[in-house]
Each structure stands twice: as structure tokens, then as C-alpha cells.
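Chemist: What follows is the residue order along each chain.
There are 2 protein chains.
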Amino acid sequence: MSADLDELVLSLAQRARAAALVLANAPRTKKDLALSKLADLIDASAATLLEANARDLAGPEAQAVSAAARDRLTLNVGRIQHLAASVREVVVLPDPVGEVLEETRRPNGLLIRKVRVPIGVIAIIYEARPNVTIDCAILCLKSGNASILRGGKESFHTNTALAALITQALVAAGLPADAVQLVPTTDRAALNSLLKLDSYIHCVIPRGGESLIRFVAQNSTIPVIKHYKGVCFVYVDRAADLAMAEAITLNAKVQRPSACNAAEQLLVHRDVAAKFLPSVARALAAKQVQLRTDAATAAILAPAQIATTPATTEDYATEFLDYVIAVRVVDSLEAAIGTINRDSSNHSDAIVTADEAAARRFLAEVDSATVYWNASTRFTDGYEFGYGAEIGISTDRLHARGPMGLRELCIYKFLIEGTGQVRS
Amino acid sequence: MSADLDELVLSLAQRARAAALVLANAPRTKKDLALSKLADLIDASAATLLEANARDLAGPEAQAVSAAARDRLTLNVGRIQHLAASVREVVVLPDPVGEVLEETRRPNGLLIRKVRVPIGVIAIIYEARPNVTIDCAILCLKSGNASILRGGKESFHTNTALAALITQALVAAGLPADAVQLVPTTDRAALNSLLKLDSYIHCVIPRGGESLIRFVAQNSTIPVIKHYKGVCFVYVDRAADLAMAEAITLNAKVQRPSACNAAEQLLVHRDVAAKFLPSVARALAAKQVQLRTDAATAAILAPAQIATTPATTEDYATEFLDYVIAVRVVDSLEAAIGTINRDSSNHSDAIVTADEAAARRFLAEVDSATVYWNASTRFTDGYEFGYGAEIGISTDRLHARGPMGLRELCIYKFLIEGTGQVRS
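Going down the list, the protein sequences come from chains A and B. Just add 22 to wherever you are in the first sequence, counting from 1, and you've got this note's numbering. Just add 22 to wherever you are in the second sequence, counting from 1, and you've got this note's numbering.
So here's chain A without its partners, still in its complex pose (with noise of 0.2 Å):
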């Protein structure tokens, strides 16, 4: 059985790699073409969608989840019309593959260029929500990279009808039909050995909980590129305009609790905590979200006769996603710095002030991969930063940091012209 399925993913893996090396050198027209007929496939088979999703809704796994991830879990019509909707978006984006990143003449007449070409293979493993199987098809196709899918095992029928829409898709554009493959079971093993086949597949990207990344980490062979979590943190400074700083953490912490670039820690400067707290905790308090404080935040609030749970060490370090947020008060802008350094996750902090030299130390300082100032951390996000579409967030520190689109699902390789060159 095990080894039945170790030649089921190697096989996988093998079409995929001569897949890529096809869809490296595709031109544009014919990958869009393959999304285009993709997002008239996806309208007119909202039925076959329909019907895959509910025996999904139907089986074990669905039931034993939670009614939010349920909710994640379902497909209707106005959702498989956004589905559509989502594929022609990318169809309009450039195609990122082919352009001269560098260029030089060397001394010995050697022209050498840096060009942007895809990675190759790359496996995304994932759970639930069945809109993430289109995404990641689609933006793998335009960067020019070949895709195996691995999706959970709550969305297997709905993911088994989309991936067939896309094989059809790919073949009426003259594409290899291996170009995106789904993994035609949800066992575990096939993950494993999925993860070991470094000589085929070249990148893999999982999307979901902590729990699913870190075992990715843990058990691949192949570069993986993740984002663990986002605990983002808000510092009001001394020099805040207290209304802007008001304004930004309300709408890093409410706008979208369960985002990861969500707020989840108030840093306060000592010497504007008792104007600045009593306000921003009865605003936060009136969206229902939860506040858990230092001894400091905790006694400006008292009096405010403002409710506040004191806060353990590890919600200083806490992902909540929920409304829920941890405050501290701080002494100084190098302890804010420090606080952050060593308790966010690196993906998203913000520093709201008046004070420039402040600002940019802050922004020097902050190892984190996208750093604010007097802006809410809420627009990490590869749309909000021009990208037109995006495969995820990388909070680690190769490759790619920060939002990731197409580009970022490119390399480079080097063409090297010369006229007999040998080296002396």
C-alpha cells in the first residue's frame, strides 16, 4: 500500500517536472487562454461544483469541524461566480517570466544575462477552503510553473471537480494536462513522500494552520516557503497623534480579526498612556473586543471603570485572531523596539508618531518584514501593494518576505554569451 503510493506520487512528480520544462518556455497567449476557458468552465459547471461540494458538507470531516470552517468549506453561487471572477483578474496581469533582470559585458567579452524564468515544480499543501485550489493553480500557471495540489481531505470532492475543469482547460489551450495536478488521495503518506521528492519538485508552499506548516518544515527535503503566524503589534509613541494612533489600532485589531496581518499587541509610551488608553480601550471595548494588560494599562483603566483581564507571557507572544488584544505600556522607543524584536512574528508592526527620527529608527530597527508608519498593519496584502494577486506571506527570510504574487514565484537563470570564452 505505502509502496503502491510512493510510485503514485513519484509518477506525480515526474509528469509534473516535464510539464514545467513545457510551460517555462509557454507563451503568454496560450496561458491565458487556458484561465480564460478555465473561468467559463468554472460558470458553466456550477451544478457539478454544487453537487461535488455537498457530498464534501456531507461526509465526516465536514461535520466535525467547526460552523466557521464549514462556512469556509461551502461553495454557492455567488461564491463559484467569484471563483470565475478571481481567474480572469489574473488573466489580465502581466506575465512576470522572460524579463532581463540584468545585463552585463564582462571584461572578456561575455554577455551575461539575469533573466526572470519560473521555479519549476512546485507543491502546495493545504486545508479546506476549496477557493485556495483555483488560486494557487492560477497564479502557478501564469508564473509558468508546473503545480501539484494537495488539498485536506474535508474539500476532496469539490477540489477532485475543480482540478478537473482545469486539466480540460489546459488541454483546450494546448498545455500540458500535467501542468496542475491534484494528489488523487488525502493520505497522509502520500504527504510524506510527497515532501522527500526533491529531485522533481522545487518549491513547496503550505497554506493553513501552524500545526499543517510546521510539519511541512519538519519533513521536507524540498525548500519550503511559509508563514507561521502574525502576531503584529501597534506602538503608540510619545509623539503620537493620539486620534490617528486611536484610529489605526481600532482598524488593525476590528477591521479583520482573523486576518494575519491583524493587530493582536498595543505597545503605549508611558508618557501618553493615561490620555491615550482610557480612550482607545472604551473604542475597542465597544467592538466587543477584549483587552489583556500589564499591571500599568490595567491601573490607568481602573478608574475608567473599563474591564481588562491581566495578560500572561504568552499572549505577549499570541496570535489571537479574535477580539481579543494584549496592551502594554512601554518607557521608551528602544523598549518598544526590543519588545517587538523579540515577541512579534516579523510580519507586520507599526509605529504611529509625530516624531520623524523616532519613525525611522523604528523603521531601521524593526526586523520584521513590513514595517509602518502612521498606517495600520492591516495592508500587508499583495493587493494592496499592486501585485493584482497573491500566493500567501513569507515571514521567513529567503526568496521572498513579506506579500508574495507572481513574481515571487519566479527565479532567475543566467544566459551567458560568448565567442569561444575559456577561462585562463
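Take these hints with a grain of salt, some might be off.
Note that the list lumps identical chains together, so a pair holds whenever it fits in one copy or between two copies.
[What the hints assert, rightly or not] DMTMM-like, lysine to aspartate or glutamate: derived pairs with alpha carbons at most 25 Å apart: (1) Lys-136 - Glu-125; (2) Lys-175 - Glu-412; (3) Lys-297 - Glu-268; (4) Lys-136 - Glu-387; (5) Lys-136 - Asp-365; (6) Lys-136 - Asp-117; (7) Lys-218 - Asp-365; (8) Lys-175 - Glu-83; (9) Lys-218 - Glu-341; (10) Lys-297 - Glu-356; (11) Lys-175 - Asp-28; (12) Lys-175 - Glu-73; (13) Lys-309 - Asp-93; (14) Lys-136 - Glu-121; (15) Lys-218 - Glu-232; (16) Lys-136 - Glu-124; (17) Lys-309 - Glu-341; (18) Lys-251 - Asp-316; (19) Lys-175 - Glu-232; (20) Lys-218 - Glu-336; (21) Lys-52 - Glu-121; (22) Lys-52 - Glu-356; (23) Lys-251 - Glu-232; (24) Lys-309 - Glu-268; (25) Lys-251 - Glu-387.
Keep in mind the hints are simulated off the structure, nothing from the lab.
Based on these hints, arrange chain B on the given structure of chain A.
Modeler: Here is chain B on its own, set in the frame of chain A:
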């Protein structure tokens, strides 16, 4: 014992992370001062270094290795002077940190700047040659990264003596002593423990034999940049200038057979095989190169009385690193490209041809880090590319591909300036 080792390695990684935060914002002048001091200290410490090296050479590990490996391990006055000179070369290289790579003003007024910054903490796991200790330390330092060096047991005393000089130089320049640390034990358990510290270490670069590199890739939860091997091809097209083809083949094979960019494989188009092979085979044989051939090549060379050995399937994908080359006749350009994409290590491959269309197709379709038209594969090298320094050559597809210099030891962060923007 193992718990003690875990603690030792954890403390080292934590101190490296603290040093990295300082180093990331250290001005060029301080980094260059440390490098200049180090060069002077190396020059002034020849006696100490030779003594430490003598202890290594007398040890059981050094006694056990081959004469060639022992030679690589050995320091002498000339090599020590060369070490100091290589440090001074890095002083004059530009600082890669701080360059603004992109700058965008979004419609909502946000200013997004993508700025080059150091990766953070880099662990380098290497074998034997003591000059790697200096190379890696200085390139990481110049690029603002803290480094953790883990050398082989054969050169432990030499490495320890060199690390002491580095620490002196750092302190003299007012930089954190922990910016460069040598793991003070060669116990394998310490390495295993180190490779799991992904909270503090951001990148691992293994340098050495393939088994070391595979061990690191398989056991690290930290992202790894690596280069397994160089199985490099020269393809002589039917439209090749045969004199040029012979010169390139010879240079690629014998100019330095132990280098990863040396050619190991020769493919010859059937239309020119009868004319090209006897001449190139004689020239290779004159340089003591052993020919491992397919039947077609052997049949051509037999009448010319040139000795050949039948190649095995394994030979066709082997990195000989020696005076050996595998030779095959191919029927077409497509067959050459297919063979290379199947058997090469995607490091450096060359076509020799006067046919531009054939060359363009080869450059586009050969899926390797560096692809050459009418030049020797031996040019894949940071110095030859004009980088001034090289920490290695990547055959991975993430972050960096091909020669890696100072800029490839960096990543970027986004600095975002607003005027109170919140997301709606």
C-alpha cells in the same frame, strides 16, 4: 551531555540573533574597520596560526584523510598572506545593505519602499579547508549578517585560532563579539540541535561533500541554500565551429577538474561526430583524460586507436571531479536538450554552435542555473561574474540561483510611510 549541548547551541544562536539586530544597522565604516583589523591580525598572527594548524595536522582525523584533503587542510606562510589579502579584497566591495530596490506610491497615498537588508543569522556548515572560516565570516559580516560557523573536526584548532582573531577584530571595531561565532564542539549532536533552531537562525548554508549537504537538507527545519553537485554538459552542435568546440571542451574538462563547474559530460551531434570526436579525443587523452563512451563514440574512435571505456548509465549523471569525461552521440538538438534536462544537475551547461536559432532554443529550454553559448562552463563563478566575492553556487530554485555574492546574502524588507491610512 546532550542537554548541555542543546543549551550551548541555543545560547549561541540567541546571542547571534541579538548581534544580528545590531549588525543590520551598523554603518559600512565599522564593518570595514573590523575587516581591516582582521587582515592585520592575520598577518601578525602567522606563528599562532601555524602552530594551531600543526596540532590539527598531527591529529587522528587529519592523519586519516587523503593526501589531497590533507593538502587543503594545510596552512603555510603564503596561504596565510593570501587569507589576509582576501579579507582586504572584501573591504573595498560596496556594502549591499540599504539599497532601495523599489519605491511605489499607492493610490491611497502610502509610500512603499522595498529595501535590501541582511538575512539575519546565517549558519554555515562546512568541511576541512580553514580558509572557508574566513571567507564565510567576512562575507556575512560585510553583508550585515551574524554568522555561526561549524567547521570540520580536521581543522578544529586552526578554526578556533582564526575565530579568536575575528572576535578581536569585531571588538576593536566596536561591533558585537557575537556577530561571528564558531561552534566550540564538533559533536554531531550539536549540529542536529543547531539545525532545529529556526526561531533564531534564518538560513543554513552547507559547504562540502554531497553527503554533508544531504544530511543538512534532511535534518534542518531552517531554510537551506545549497548546491549538491555540478554535472555539467558541453553539447557540440552540428553547426559548431569545431576548433572552438575542442577548445571549450578541453578548457571545461581539464582547466580545473575538481571544480563544480568543470564539464563531466560531452554530447556531440551525429552529423559532426566522425569529424570532431577523433580530434577532441586525442587532445583529451593527451591531458590524461579517460573517455567513457557510448557505442557510437567507441565505433568512431576505435579505428583511430584511441582508448575508450564503455560508459555505464550511472556515468552519464556522474560528477567525476577528475580526469574523466563521459561522451555520447546525439541525433538532434532536441535530444541534447532532453538529455541535459534529464541527466545534468542544472548547474552549468554549454552549447557550441554557429546557428543562432539553435543557440536561442538551447538557452531557453535548458533548465539550468547558467546556460552558455560558445563559452566554457568554467565561468560560473562569483569573481568571473563580477561579484567580487562568492559564498557558493546555488542549484536550488529559491532565493538565489548560480553564483552567490554579497547581495545574495541579503533579503529585503518593506518600509511603509503613511499619514494615518486605515484599510476599509
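Chemist: Would you mind marking each hint as holding or not holding in the structure?
Modeler: Quick rundown of the hints versus the structure:
{"no.": "1", "hint": "Lys-136 - Glu-125", "verdict": "both (6 Å within a copy, 22 Å between copies)"}
{"no.": "2", "hint": "Lys-175 - Glu-412", "verdict": "within (24 Å within a copy, 46 Å between copies)"}
{"no.": "3", "hint": "Lys-297 - Glu-268", "verdict": "within (11 Å within a copy, 81 Å between copies)"}
{"no.": "4", "hint": "Lys-136 - Glu-387", "verdict": "between (32 Å within a copy, 15 Å between copies)"}
{"no.": "5", "hint": "Lys-136 - Asp-365", "verdict": "between (39 Å within a copy, 23 Å between copies)"}
{"no.": "6", "hint": "Lys-136 - Asp-117", "verdict": "both (17 Å within a copy, 21 Å between copies)"}
{"no.": "7", "hint": "Lys-218 - Asp-365", "verdict": "between (33 Å within a copy, 19 Å between copies)"}
{"no.": "8", "hint": "Lys-175 - Glu-83", "verdict": "within (7 Å within a copy, 52 Å between copies)"}
{"no.": "9", "hint": "Lys-218 - Glu-341", "verdict": "between (31 Å within a copy, 22 Å between copies)"}
{"no.": "10", "hint": "Lys-297 - Glu-356", "verdict": "within (21 Å within a copy, 74 Å between copies)"}
{"no.": "11", "hint": "Lys-175 - Asp-28", "verdict": "within (19 Å within a copy, 38 Å between copies)"}
{"no.": "12", "hint": "Lys-175 - Glu-73", "verdict": "within (16 Å within a copy, 63 Å between copies)"}
{"no.": "13", "hint": "Lys-309 - Asp-93", "verdict": "within (23 Å within a copy, 71 Å between copies)"}
{"no.": "14", "hint": "Lys-136 - Glu-121", "verdict": "both (9 Å within a copy, 19 Å between copies)"}
{"no.": "15", "hint": "Lys-218 - Glu-232", "verdict": "both (20 Å within a copy, 16 Å between copies)"}
{"no.": "16", "hint": "Lys-136 - Glu-124", "verdict": "both (5 Å within a copy, 18 Å between copies)"}
{"no.": "17", "hint": "Lys-309 - Glu-341", "verdict": "within (18 Å within a copy, 64 Å between copies)"}
{"no.": "18", "hint": "Lys-251 - Asp-316", "verdict": "within (23 Å within a copy, 54 Å between copies)"}
{"no.": "19", "hint": "Lys-175 - Glu-232", "verdict": "within (18 Å within a copy, 37 Å between copies)"}
{"no.": "20", "hint": "Lys-218 - Glu-336", "verdict": "between (34 Å within a copy, 22 Å between copies)"}
{"no.": "21", "hint": "Lys-52 - Glu-121", "verdict": "within (18 Å within a copy, 37 Å between copies)"}
{"no.": "22", "hint": "Lys-52 - Glu-356", "verdict": "between (54 Å within a copy, 22 Å between copies)"}
{"no.": "23", "hint": "Lys-251 - Glu-232", "verdict": "within (7 Å within a copy, 34 Å between copies)"}
{"no.": "24", "hint": "Lys-309 - Glu-268", "verdict": "within (13 Å within a copy, 77 Å between copies)"}
{"no.": "25", "hint": "Lys-251 - Glu-387", "verdict": "within (21 Å within a copy, 38 Å between copies)"}
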